[in-house]
Amino acid sequence: MIRLKDIHKTFIDGEGENKILQGIDLTINGHEFITIMGPSGCGKSTLLNIAALLTEPTSGSVYFDDKLVNFKKEKNLEQLRREKIGLIFQNANLIQCLNVLDNIILPMSSKLSYKVKKNTALELLDLVGISNKSKNNVKSLSGGEAQRVAIVRALVNNPQVLLCDEPTGALDADNSGMVMDLLLETRRRTGCALVIVTHDKEIGEMGERKIVLNGGEILGVENSVQAI
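For what it's worth, UniProt numbering labels the leading residue of the sequence shown as 1, then goes sequentially.
Derived from the structure by calculation, the hints contain no laboratory data. Every value quoted in this text rests on a predicted model; they were computed, and no experiment measured them. Cβ atoms here follow ideal geometry from the backbone N, Cα and C, with glycine treated the same way. It is possible that part of the hints are untrue.
[Unchecked claim] Using 16 Å as the maximum straight-line C-alpha spacing, the simulated EDC-like pairs for lysine to aspartate or glutamate come out as follows: (1) Lys72 with Glu56; (2) Lys5 with Glu166; (3) Lys117 with Asp102; (4) Lys84 with Glu74; (5) Lys210 with Asp25; (6) Lys84 with Asp102; (7) Lys210 with Glu32; (8) Lys139 with Asp102; (9) Lys117 with Glu83; (10) Lys210 with Glu222; (11) Lys115 with Asp102; (12) Lys75 with Glu56; (13) Lys5 with Asp25; (14) Lys5 with Asp66; (15) Lys84 with Asp65; (16) Lys201 with Glu222; (17) Lys118 with Asp102; (18) Lys5 with Glu56; (19) Lys111 with Asp66; (20) Lys139 with Glu123; (21) Lys135 with Asp102; (22) Lys19 with Glu217; (23) Lys5 with Asp65; (24) Lys210 with Glu166; (25) Lys201 with Glu166; (26) Lys19 with Asp6; (27) Lys210 with Asp200; (28) Lys84 with Asp66; (29) Lys135 with Glu145; (30) Lys19 with Glu56.
[Stated by the list, open to error] Per label pair, the in silico range of CB-to-CB distance: (31) Glu17 with Arg189: 41 to 47 Å; (32) Glu56 with Gly30: 23 to 29 Å; (33) Gly16 with Glu217: 18 to 24 Å.
I would like the entire structure built from these sequences, with the hints used as guidance.
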């Protein structure tokens with residue numbers, strides 16, 4: 001599905017070159033559950049952003065469904081992200097001036113009628129237990145509720161892969177457990193691949209494939225005997 005080949009990423013700052021990723025090879029297969037762990041600053045989020053087609057690597061190649069991605073064609077990138085990739089971040093990143101329903105409908109295809117968009121959004125909100133919040137302004141939501149809305153927004157276009165950057169990082173233990181249950185159930189229900197960047201060792205151990213990143217390099221890969 002997504003293949004990263006010999007990925008390097010370097011940022012230029014006031015002190016010169018900052019090598020974030022060095023020679024990364026990673027393949028994300030359909031329905032696979034991968035966790036990525038490592039210390040702060042090791043390149044986890046940059047790696048996820050490259051896989052999400054948000055950040056262009058300095059060198060190396062990215063393939064989506066066996067086709068080489070051209071990062072210069074922004075229109076094509078936007079279409080791939082909208083139709084194939086679901087993104088969930090530590091902060092829900094909801095649009096504060098919109099209500100819950102409108103936040104979810106916004107990324108949906110303009111070819112769909114409003115009625116279809118609304119019904120799809122409400123069905124998904126019902127699955128995560130907050131359909132009664134559809135008309136609420138997002139400012140009124142708790143952290144756990146906001147993250148559930150973010151998950152629904154990531155799912156409305158039936159993505160092939162969910163890429164999650166610290167999705168429980170800003171939540172308490174109860175809400176963290178709830179969000180993980182939702183993500184795992186979503187994967188079981190839809191068959192999408194799931195990739196989670198996390199500092200949480202318990203979540204890290206859940207992956208079918210556990211990747212340890214440090215110094216911009218993959219230090220280790222461990223495959224689980226039993227899938228979650």
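Against the structure, the hints:
With a CA separation close to 9 Å, the supplied pair Lys72 and Glu56 stays within the 16 Å bound. Only pairs whose Cα atoms come within 16 Å are accepted, and Lys5 paired with Glu166 is rejected, the gap being roughly 24 Å. For a cut-off of 16 Å, the pair hint linking Lys117 to Asp102 stands: about 10 Å separates their Cα positions. A threshold of 16 Å between alpha carbons decides the hint, and for Lys84 with Glu74 the separation of about 15 Å falls inside it, so the pair holds.
Distance hint between Lys210 and Asp25 is fulfilled; the C-alpha atoms sit about 14 Å from each other, no more than 16 Å. For the hint pairing Lys84 with Asp102, the CA-to-CA distance comes to about 21 Å; that exceeds 16 Å, so the pair is violated. For the hint linking Lys210 to Glu32, the alpha-carbon distance of about 11 Å falls within 16 Å, and the restraint holds. Restraint check: the Cα-Cα separation between Lys139 and Asp102 comes to about 13 Å, which is no more than 16 Å; the hinted pair holds.
For a cut-off of 16 Å, the pair hint linking Lys117 to Glu83 stands: about 15 Å separates their Cα positions. With a CA separation close to 5 Å, the supplied pair Lys210 and Glu222 stays within the 16 Å bound. In summary, the hint linking Lys115 to Asp102 is supported, as the alpha carbons are separated by about 12 Å, within the 16 Å threshold. At roughly 14 Å between alpha-carbon atoms, Lys75 and Glu56 fall within 16 Å of each other, so this suggested pair holds.
Taking the CA atoms of Lys5 and Asp25, the gap is about 5 Å. The hint holds against a cut of 16 Å. Distance hint between Lys5 and Asp66 is fulfilled; the C-alpha atoms sit about 12 Å from each other, no more than 16 Å. Proximity of Lys84 to Asp65 is assessed by CA-CA distance (about 10 Å); at most 16 Å being required, the pair is judged to hold. Simply put, Lys201 and Glu222 have alpha-carbon atoms about 14 Å apart, close enough for the 16 Å limit, and the pair holds.
Taking the CA atoms of Lys118 and Asp102, the gap is near 9 Å; set against the 16 Å cutoff, the hint holds. For the hint pairing Lys5 with Glu56, the CA-to-CA distance comes to about 13 Å; that is within 16 Å, so the pair holds. Proposed proximity of Lys111 and Asp66 is contradicted: the alpha carbons are some 27 Å apart, above 16 Å. The straight-line distance between the Cα atoms of Lys139 and Glu123 is roughly 22 Å, outside the 16 Å bound, and the hint therefore fails.
At most 16 Å may separate the alpha-carbon atoms for a hinted pair to count; Lys135 and Asp102 meet this at roughly 9 Å. With a CA separation close to 10 Å, the supplied pair Lys19 and Glu217 stays within the 16 Å bound. For the suggested pair Lys5 and Asp65, the alpha carbons sit about 14 Å apart, so the restraint of at most 16 Å is met. With a C-alpha separation of about 15 Å, the suggested pairing of Lys210 with Glu166 holds against the 16 Å cut-off.
Distance restraint check for Lys201 and Glu166: the Cα-Cα separation of roughly 12 Å lies within the 16 Å cut-off, and the hinted pair is therefore satisfied. A threshold of 16 Å between alpha carbons decides the hint, and for Lys19 with Asp6 the separation of about 14 Å falls inside it, so the pair holds. For the hint pairing Lys210 with Asp200, the CA-to-CA distance comes to about 12 Å; that is within 16 Å, so the pair holds. For the given pair, Lys84 sits about 14 Å from Asp66 by alpha-carbon distance, which is consistent with the 16 Å threshold.
Of the supplied pair hints, the one linking Lys135 and Glu145 holds, its CA atoms being roughly 13 Å apart against a limit of 16 Å. With a C-alpha separation of about 14 Å, the suggested pairing of Lys19 with Glu56 holds against the 16 Å cut-off. Between Glu17 and Arg189 the beta carbon distance is about 44 Å. The supplied range of 41 to 47 Å therefore holds. Range check, Glu56 to Gly30: Cβ separation about 24 Å, and the 23 to 29 Å hint holds.
At about 20 Å, the beta-carbon gap between Gly16 and Glu217 stays in the expected band of 18 to 24 Å.
Going through the hint list in order, the structure does not satisfy hints 2, 6, 19, 20.
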